[in-house]
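On the provided structure of chain A, position chain B as indicated by the hints.
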Amino acid sequence: MKKLVKGNEAVVIGALVAGCDAYYGYPITPASEIAHAASEYFLALGKVFVQAECEIGAINMVFGSAASGLRTLTASSGPGISLKMEGISYLAGAQLPCVIVDVQRVGPGLGNIGPEQSDYFQVVKGGGHGDYRAIVLAPASVEETYRMTIEAFDLADRWRTPVFLLTDATLGQMMEPIDIRQEPIQKVAKPWALDASPESNRNLVTSIYLDFDDMEAHIERLHEKYRQISETEAQAEVSGAEDPQIVLTGYGISSRLLRSTLETLDARGIRAALIRPKTLWPFPTAIYQKTVKPGVPVLAVEMSRGQFVEDVRLSLPKHQVNWYGRVGGNLPQLEQIVAQVEKCLQEVSNA
Amino acid sequence: MPKIFQKSEAFFDTFERKPGFQKTTHYCPGCGHGTLNKIIADQVAELGIQDQTIYVGPVGCGVFIYYYFESASVSAAHGRASAVATGVSRSNPDGIVVSYQGDGDLAAIGTGNAIHAANRGENMIVFFVNNNLYGMTGGQLAPTTLLGQKTTTSPYGRSKSNDGFPLLVAEMIAGLEAPTLVARVGVNNPRNIRQAVKVIKRGLEIQRDKKGYVFIEVLSQCPTNWKKDPEQACEWIDDVVSKQYPIGVLKDLADEQGPQERPRKEADFAAVAKLLGLDAEEKTVDKELILPYEEMRFKFAGFGGQGVLSLGMMVAQMSMQYNLEVTWLPSYGPEMRGGVANSSVVAGKNPISTPVVDAPNVLVALNRPSLEKFGPLVPKDGLIIYNSSLIDQIPADLKGKVHALPATDLATAAGTAKAANVVVLGFIARLTGIFELAELEAFLRKTFNKPALLEINLKAVSSGWDAAGTI
Chain A
35 MKKLVKGNEA VVIGALVAGC DAYYGYPITP ASEIAHAASE YFLALGKVFV
85 QAECEIGAIN MVFGSAASGL RTLTASSGPG ISLKMEGISY LAGAQLPCVI
135 VDVQRVGPGL GNIGPEQSDY FQVVKGGGHG DYRAIVLAPA SVEETYRMTI
185 EAFDLADRWR TPVFLLTDAT LGQMMEPIDI RQEPIQKVAK PWALDASPES
235 NRNLVTSIYL DFDDMEAHIE RLHEKYRQIS ETEAQAEVSG AEDPQIVLTG
285 YGISSRLLRS TLETLDARGI RAALIRPKTL WPFPTAIYQK TVKPGVPVLA
335 VEMSRGQFVE DVRLSLPKHQ VNWYGRVGGN LPQLEQIVAQ VEKCLQEVSN
385 A
Chain B
1437 MPKIFQKSEA FFDTFERKPG FQKTTHYCPG CGHGTLNKII ADQVAELGIQ
1487 DQTIYVGPVG CGVFIYYYFE SASVSAAHGR ASAVATGVSR SNPDGIVVSY
1537 QGDGDLAAIG TGNAIHAANR GENMIVFFVN NNLYGMTGGQ LAPTTLLGQK
1587 TTTSPYGRSK SNDGFPLLVA EMIAGLEAPT LVARVGVNNP RNIRQAVKVI
1637 KRGLEIQRDK KGYVFIEVLS QCPTNWKKDP EQACEWIDDV VSKQYPIGVL
1687 KDLADEQGPQ ERPRKEADFA AVAKLLGLDA EEKTVDKELI LPYEEMRFKF
1737 AGFGGQGVLS LGMMVAQMSM QYNLEVTWLP SYGPEMRGGV ANSSVVAGKN
1787 PISTPVVDAP NVLVALNRPS LEKFGPLVPK DGLIIYNSSL IDQIPADLKG
1837 KVHALPATDL ATAAGTAKAA NVVVLGFIAR LTGIFELAEL EAFLRKTFNK
1887 PALLEINLKA VSSGWDAAGT I
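Protein sequences appear in the order of chains A and B. Residues 35 to 385 (this note's numbering) are what the first sequence spells out, left to right. Residues 1437 to 1907 (this note's numbering) are what the second sequence spells out, left to right.
What the hints contain is simulated information worked out from the structure, not anything from laboratory work. Cβ coordinates follow ideal geometry from the N, Cα and C atoms, glycine included. Do not take every clue at face value.
[Unchecked claim] Computed from the model, here is a short list of chain A residues facing chain B with C-beta under 8 Å: (1) 36; (2) 87; (3) 94; (4) 97; (5) 99; (6) 102; (7) 230; (8) 291.
[Unchecked claim] Once the Cα atoms are required to be at most 30 Å apart in a straight line, the calculated DSS-like pairs of lysine-lysine come out as: (9) 1454/B / 259/A; (10) 1886/B / 37/A; (11) 377/A / 1816/B; (12) 1854/B / 1886/B; (13) 37/A / 1835/B; (14) 1701/B / 224/A; (15) 1710/B / 36/A; (16) 1637/B / 37/A; (17) 37/A / 1701/B; (18) 1439/B / 221/A; (19) 1835/B / 1816/B; (20) 1895/B / 37/A; (21) 1835/B / 1785/B; (22) 1882/B / 36/A; (23) 37/A / 1710/B; (24) 1646/B / 224/A; (25) 1723/B / 1895/B; (26) 36/A / 1816/B; (27) 37/A / 1723/B; (28) 1701/B / 221/A; (29) 1687/B / 1710/B; (30) 1646/B / 37/A; (31) 36/A / 1719/B; (32) 36/A / 1886/B; (33) 36/A / 1723/B; (34) 1637/B / 1439/B; (35) 224/A / 1454/B; (36) 37/A / 1854/B.
Here chain A stands alone, though its shape is the one from the complex:
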């Protein structure tokens, strides 16, 4: 059944359909509708909802809840995610599955509550301490926010790892229809969890290994897992011209602007393709390398001062990868992107 909802509410509905048992969070604009909807729906269904005393409290409640085997959700925006980072490192170290939503706003510091994509480094590269990774999904619509929330719980359980859903103020605040129906959910047994039963009586959930060799072995196990995730879970959508003169790339709301750009360029006789990563970690490097032919320039568009573009450049070391972005709460305008495309093509023809 179709329902017109905000991206933030779609997160909560997706979580319910995925069988999420518990929500712990702290209010922050522009993510607060997630807490509003979670309090309304989780409490009505007899599930756990706790408005924590702080972001750090919330992520550590998530830790306790995930350690107990529950499908657990929390959500915030940039400043709150910064506070949660220590806890996320512990979650990754203890291999606890959970879903964390970052509805990105403007930074650094207090910034403002407009949309930006400047949490890329802290979320994708791991803002907490230590050698860990977290899966990062980047939806580009409200419907995809809903679907990816469900997928995030399955991925978290499958790989025993925290999974991020990286949206932004625009995706969180805008409404689009979502199609809600029963979905096949891949719940897995969690024999390691603490469930107050005689069977779990000796279970230990920890991230401490005092012995250096034991700790090294633990980190190696984590990284073997990360290698498998990199090989199997990277996703991107490729659209536009088969034989492009230029490849555009962007994630989340930026990719929606780029889809409009493709249409405008097509009308002006410029062949362009679009690569839209759906996972930011693992980064879909292989798809970039397969899609972008030698000599074809690339324009990465993001709402930050050059974070995402670094991963594009690492994926395409031999290509000219240009960057364009707007920050401060502004979205790039169509004509501005088109002008950048024309500039890129001009540079190529000059060279």
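Chain B only, in chain A's frame:
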């Protein structure tokens, strides 16, 4: 002959912390932690709750308790044991949750989490081991360090001007409404230990009976960092420490308080669908709409309170019912509260790329700033509908086709100025030819439950519809 002192059944047989040390803990000789661990294990075993018990270990001298207690365990980040224990407790309504924390953990970095867990009355028992300093990290000043006491970070003694006063945590917790039992005990002499056993047993019984939050502060000797031998350290608690931190029960509501059950339920899809009202949701209408533009790109703008967000939402809802792809994007936050608000709606038969409307093909401007801001962005083939009740002067640089609509006056005539947005709905439906009047009325009947309000809005929509007929 029966053994009267033996290892508790709730301890592991051997402690696998370090090869060669399976019979000993990591606690220093004379430390109070070992005694406290034994009391807890003995009482857990005696109450037969070992299999339901989950220990939350801290960062500090208690960090290795999972090597000793034979129950489930989880290690928390520094200061966060009470928050982790909250998650464990809410997830396990049948569990017994023990949060074991020290001075740095509970009284410094994690004070907020500790206080709020207490204030929520979580079903958990918190052991707060107070040895006046940070033991594990090398004897630094803690909030509990006594005035004048020398530590590795108060080499001249704790000064009230530099470090403040010793923090009376048990007294703070006892001042809260929710906690069931709050006490301070000692483990430095047989009399104190006997009292500690009684209090801890009562605390665990409260947990077994789900009667809420228990806080037990334990004065514990730290010969190593106090630089005293074990005997002197035990005496120092009697002579000095307990003068600052008096031993005793500060609050006990266990006899008058019933269980604080927090049952947890699972919900299948049917329950979720029912809650979301999916079964009651209106089905889509099977009718091909004729659109004046391939993609409708609406901008609705006005003062906050003129209903431009809900106008956009009404158009979006109706578009969805007629199987169009649709997006609705609000302006929000301070911008919305400050005065000018707007919503953008994109609707069409193909998937929508950007939800941002830079160049609207239908602009509704309910006040002058909106017309001045967005009017010039409307292309030549676009429509500009402005509220002629409030705008007497239109900008010179408009390219689109301009229509004046006295929306506020018509709404006031219908019953309230607040219905100006519904007047506009009727006007643009007829002007663009998207929806019929009967369809608008059917939509309003579903939207407004109160009869009086519905009547006003039906009047408003038809006056807007009629106004478009004169064009």
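Status of each hint after checking the structure:
no.: 1; hint: 36; result: holds, 6 Å
no.: 2; hint: 87; result: holds, 4 Å
no.: 3; hint: 94; result: holds, 4 Å
no.: 4; hint: 97; result: holds, 5 Å
no.: 5; hint: 99; result: holds, 4 Å
no.: 6; hint: 102; result: holds, 3 Å
no.: 7; hint: 230; result: holds, 3 Å
no.: 8; hint: 291; result: holds, 5 Å
no.: 9; hint: 1454/B / 259/A; result: holds, 28 Å
no.: 10; hint: 1886/B / 37/A; result: holds, 23 Å
no.: 11; hint: 377/A / 1816/B; result: holds, 28 Å
no.: 12; hint: 1854/B / 1886/B; result: holds, 15 Å
no.: 13; hint: 37/A / 1835/B; result: violated, 36 Å
no.: 14; hint: 1701/B / 224/A; result: holds, 18 Å
no.: 15; hint: 1710/B / 36/A; result: holds, 14 Å
no.: 16; hint: 1637/B / 37/A; result: violated, 54 Å
no.: 17; hint: 37/A / 1701/B; result: holds, 25 Å
no.: 18; hint: 1439/B / 221/A; result: violated, 49 Å
no.: 19; hint: 1835/B / 1816/B; result: holds, 5 Å
no.: 20; hint: 1895/B / 37/A; result: holds, 28 Å
no.: 21; hint: 1835/B / 1785/B; result: holds, 26 Å
no.: 22; hint: 1882/B / 36/A; result: holds, 16 Å
no.: 23; hint: 37/A / 1710/B; result: holds, 13 Å
no.: 24; hint: 1646/B / 224/A; result: holds, 26 Å
no.: 25; hint: 1723/B / 1895/B; result: holds, 26 Å
no.: 26; hint: 36/A / 1816/B; result: violated, 35 Å
no.: 27; hint: 37/A / 1723/B; result: holds, 19 Å
no.: 28; hint: 1701/B / 221/A; result: holds, 17 Å
no.: 29; hint: 1687/B / 1710/B; result: violated, 45 Å
no.: 30; hint: 1646/B / 37/A; result: violated, 41 Å
no.: 31; hint: 36/A / 1719/B; result: holds, 8 Å
no.: 32; hint: 36/A / 1886/B; result: holds, 25 Å
no.: 33; hint: 36/A / 1723/B; result: holds, 17 Å
no.: 34; hint: 1637/B / 1439/B; result: holds, 21 Å
no.: 35; hint: 224/A / 1454/B; result: holds, 28 Å
no.: 36; hint: 37/A / 1854/B; result: holds, 26 Å
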